[in-house]
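One letter stands for each residue in the lines below.
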Amino acid sequence: MIAGIIDWLGDPAHWAGDDGIPHRLLEHLWYSGLSLLVAALIAVPVGLAIGHTGRGRFFVVNLAGAARAIPSLGLLFLMVLWLFPKLGGDAAFLVPNLIVLIVLAIPPIMAGAYAGVEGVDPAARDAAKGMGMTGMGVLRKVELPCALPLVFSGLRSAALQVVATATIGAIAGLGGLGRFLIDGLHVNDYSQMAGGALLIALLALVVDAAFALVQRYAVSPGLSGRFRTRPEPGDQPMDVEMSVGQHRVG
Amino acid sequence: MKLSKVVLTVATAALMTTAACGSGSGNSPLDTSSSSSSGSGGGSGGITVGSADFPESQLLAEIYAGALQAKGVQVNKKLNIGAREAYIPALQDGSIDLIPEYTGVLTQYFNKQAKATDSEGVYTELKASLPAKLEVLDKSAAEDKDAVVMTKKKADELGAKSIADLKGKSKDLVFGGPPEWKTRPTGLPGLKKLYGLEFKSFRALDAGGPLTVAALKNGQIDAGDLFTTDPNIAKNDFVVLEDPQHLFAAQNVVPLITKAKDTDTITTALNAVSAKLDTQTLAALLTEVVVDKKDASAVAKEFLTKNGLA
Chain A
1 MIAGIIDWLG DPAHWAGDDG IPHRLLEHLW YSGLSLLVAA LIAVPVGLAI GHTGRGRFFV
61 VNLAGAARAI PSLGLLFLMV LWLFPKLGGD AAFLVPNLIV LIVLAIPPIM AGAYAGVEGV
121 DPAARDAAKG MGMTGMGVLR KVELPCALPL VFSGLRSAAL QVVATATIGA IAGLGGLGRF
181 LIDGLHVNDY SQMAGGALLI ALLALVVDAA FALVQRYAVS PGLSGRFRTR PEPGDQPMDV
241 EMSVGQHRVG
Chain H
1 MKLSKVVLTV ATAALMTTAA CGSGSGNSPL DTSSSSSSGS GGGSGGITVG SADFPESQLL
61 AEIYAGALQA KGVQVNKKLN IGAREAYIPA LQDGSIDLIP EYTGVLTQYF NKQAKATDSE
121 GVYTELKASL PAKLEVLDKS AAEDKDAVVM TKKKADELGA KSIADLKGKS KDLVFGGPPE
181 WKTRPTGLPG LKKLYGLEFK SFRALDAGGP LTVAALKNGQ IDAGDLFTTD PNIAKNDFVV
241 LEDPQHLFAA QNVVPLITKA KDTDTITTAL NAVSAKLDTQ TLAALLTEVV VDKKDASAVA
301 KEFLTKNGLA
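So the protein lines, in turn, are chains A and H. For the first sequence, our numbering gives the first residue as 1, with consecutive numbering after it. For the second sequence, our numbering gives the first residue as 1, with consecutive numbering after it.
Isolated chain H (complex conformation) (with noise of 0.2 Å):
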């Protein structure tokens, strides 16, 4: 994703300028008199949705968005916010109320002695690592986190299914992934802990970025790092390779909400959207998102359509 960090950078860059230019005028996402949906903010009966700033957070915060709508609740849209640092505080301060979050970040974000890596020992630890104005409901299936990503041709050339299958070929491969993972102990020294694997050389590109996607089609890497909701990845017939020993934690998606404005509608209305959820679905939407460049708004319409949600 170096690429369109970069290219993020600069827009951010830019947008931040424009953001204190007008900053009297309250450009700012976080500002209640700007925003532009209808209904009441943080403070009177409805709730304010808020997402970072990537387009499966906004896709997320959409799907709950519609599904509470749906069930009468008055939503209100802060969408776009930026990173973690910044949007949690606001769920803390009550700009936002509620936010689609992944399990496995968030815990490291509030714990950083956290040890578990499957999707149910990290649940757990995530609430218990809460801050006592928060809590998290039901997880779904779908997780977007690292994977180690091969073309199907490749993987059945070595009979590859998951990554310990790799054990013993890894020496003639290249392996391309972000500049980190070299010495980030989920990337390289992950692989050679966990998988006894090495390999013939390491490439650094981006992080899941276009520079992998076009090395692996290429084949100037013969595996690399991408995310699980890669559209990238239906799109080039790549497989994602099993992850037994699980290097990568788990990343469920989940909503984070403040316990105050929790009720039981939102509850059972967001834990229906979280049922219907997993990593296939979600890459598929965020494939119309970012591919077909469709509404994020009309996209999560259409799932809560089909799944009887809406």
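One chain only, chain A, in its complex shape (with noise of 0.2 Å):
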């Protein structure tokens, strides 16, 4: 088995064309970007604001536990049978997928983000409004830099079930990595599917990794930790702005 995965990666054949894996790779890398592009532009503003005004929390936040609850394959199926007539050339596979990675991605980038807003330390909130910042200003300068932390964890879990569940794009006639499974399962290419799989496997953790790497530069320094330093004595802003960094991380 191991063997002929191995043998499955190493031939060149499978690294040409329409159906090699670097163009199966970009496929897939096109539909997950794609969808948590659009995932992220719906459910960032919209978990801020529910975390910003506390507003709307109730039903937004148990929408989004219940669409958790939605079975891809299921809505894919449905959204292929709907959509698929309605739509032309290439929209008409590519748009049902979409939409069911989207709505996968949109509860954790969603809870991520006001979680992440109403968690930050209503001290530095009550700071922030007594230098005269307005309530945007709050949400900007204060509340976004202090939740990055987690709408980044929100982001990187959406990532990961994203780019695993992008696979079944394939069963109803898509590209990506997923190819390389439902192919092999039909004509019981057991290889091609460990293949497919590993490499699916592979690219969510790589995935997973360019996050990590991001949320490291993106994430203020006060509170990520990255650049700790020992507070000389006179350095108070550094030391203020840590404070309320271990406040809000620990």
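Hint data in this document are derived by calculation from the structure and do not stem from the laboratory. Keep in mind the model is a prediction, meaning the values are calculated, not measured. Misleading hints may appear alongside valid ones.
Quick list of in silico lysine-lysine cross-link-like pairs, DSSO-like style, CA-CA up to 30 Å [as the list claims (entries may be wrong)]:
(1) H/Lys200 to A/Lys86
(2) H/Lys306 to A/Lys86
(3) H/Lys182 to A/Lys86
(4) H/Lys154 to H/Lys133
Taking the hints as your guide, dock the two standalone chains into a single complex.
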């Protein structure tokens, strides 16, 4: 079995052309990236708004929770049957799959965003208000930066799920790394299936690592503690920021 | 058929769970005690008709059962058994005595080396391959097999009546079929070898299921793989391209029966049925069952009455 996977991965014929691993990998990244982007554009603002205002929390949180229970495969078939006759060209294959992935990605991203904002130290929020910031200013300059670690954790968890689930698009005629699993299954080529599964798992890890790297540099140093230095005497502003961050993260 | 196959798998899994729970009380279709039909079981005088687990097989089994009952044969039905791997052993151990089959796939089941592809050749090979206990009666003209299908509009545009007519034009066409067609000898490699066709691209869809039908209808693919008895062909004004080189082996509908159970009355009754069945008739009957959701036994009765068989 292991030898079969190595043979399959090592065969140069599997690394070229439209059926080749690089092309399928790009397709997979394209579907995953696009759906993650759309999901983030919807979920992050909604999540931040809920966290900031505290309004609509019950409704949206429960809705997102319920959305987590939607079986992706079932939704995929429903979308395909419903949308296929309405769309032309490649969109007929792409759109139903994107919808499934977007629905999958929204709950974790939104949960990260509102939990992050909600968890901001009230003292920091009050201080910002006291400095004369408007509601938007508080959100943008204080709440969002402080919430970033949790926003990222939502994004990373969504990315993992999306990369893994983009596989099922192959059942409904789409490309991506899932093709290796579905095609392999149909011809009892288990090396191809296992090879494809391995590639998807690796891709998920790489994507997660990439997000971790972005997070490392996007999150305020005071929160991530990445340039943790012993506070020098007289280095007051840094000290204050550090202590806020430690409250938050700790 | 991928979509429905997955649905079926889920349904089967659910059924299996129920069957497992109730196995003590005899929910298995092969368990004689659960038979709902009148008449005695396999052992005494009567004949037990089985079917595979898809609508066409059940319909054919109902037709056989109806034709036999009309001739005074005591009939017991055990439909919806499962795949060939399940019902051939059932025939061999006497749980069932008669089942509708297809010549090509049945030959392949018993003889992996089978080579013939035309109707007569396959039928001859089948008779030679069957185990001693089993026999097939006359084959019917009705065939359920893979076919290259196009919309009538596209076929007229290309002037294509046969697969061979696509030669020189296939480079601009997108072909859609089940994923295994990419590598299977009776898929794209066969189309290339026998007809010299190479397509612009291949879209992996389902095995003659709703995706292929929708993609053909909407023009995402120019030609696709459907089954010849598929009701969607007539419904959507699709055309089946002829296959002069016999890429797809013949799949004539044929009754498979245990020799010990066969009598002259049964042979005559079933041969009369096979004489009246052709692909269009079967497709039309299947439409009533699958599309119009009519009861298979009612559709079978209607067919038998119309043809003076019941």
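Measure nothing beyond the straight line between the CA atoms of H/Lys154 and H/Lys133; if it is 30 Å or shorter, mark the hint as holding.
Given that 30 Å is the threshold and the Cα spacing comes to 49 Å, the pair is violated.
Please work out if H/Lys182 and A/Lys86 have their alpha carbons no farther apart than 30 Å.
Since the Cα atoms of H/Lys182 and A/Lys86 sit roughly 28 Å apart, the hinted pair holds (cutoff 30 Å).
Given the proposed pairing of H/Lys306 with A/Lys86, does the C-alpha separation stay at or below 30 Å?
41 Å, violated
So if I understand the rule, the pair passes when the alpha-carbon distance is 30 Å or less; does H/Lys200 with A/Lys86 pass?
Since the Cα atoms of H/Lys200 and A/Lys86 sit roughly 24 Å apart, the hinted pair holds (cutoff 30 Å).
Of the numbered hints stated above, those contradicted by the structure are hints 2, 4, listed in ascending order.
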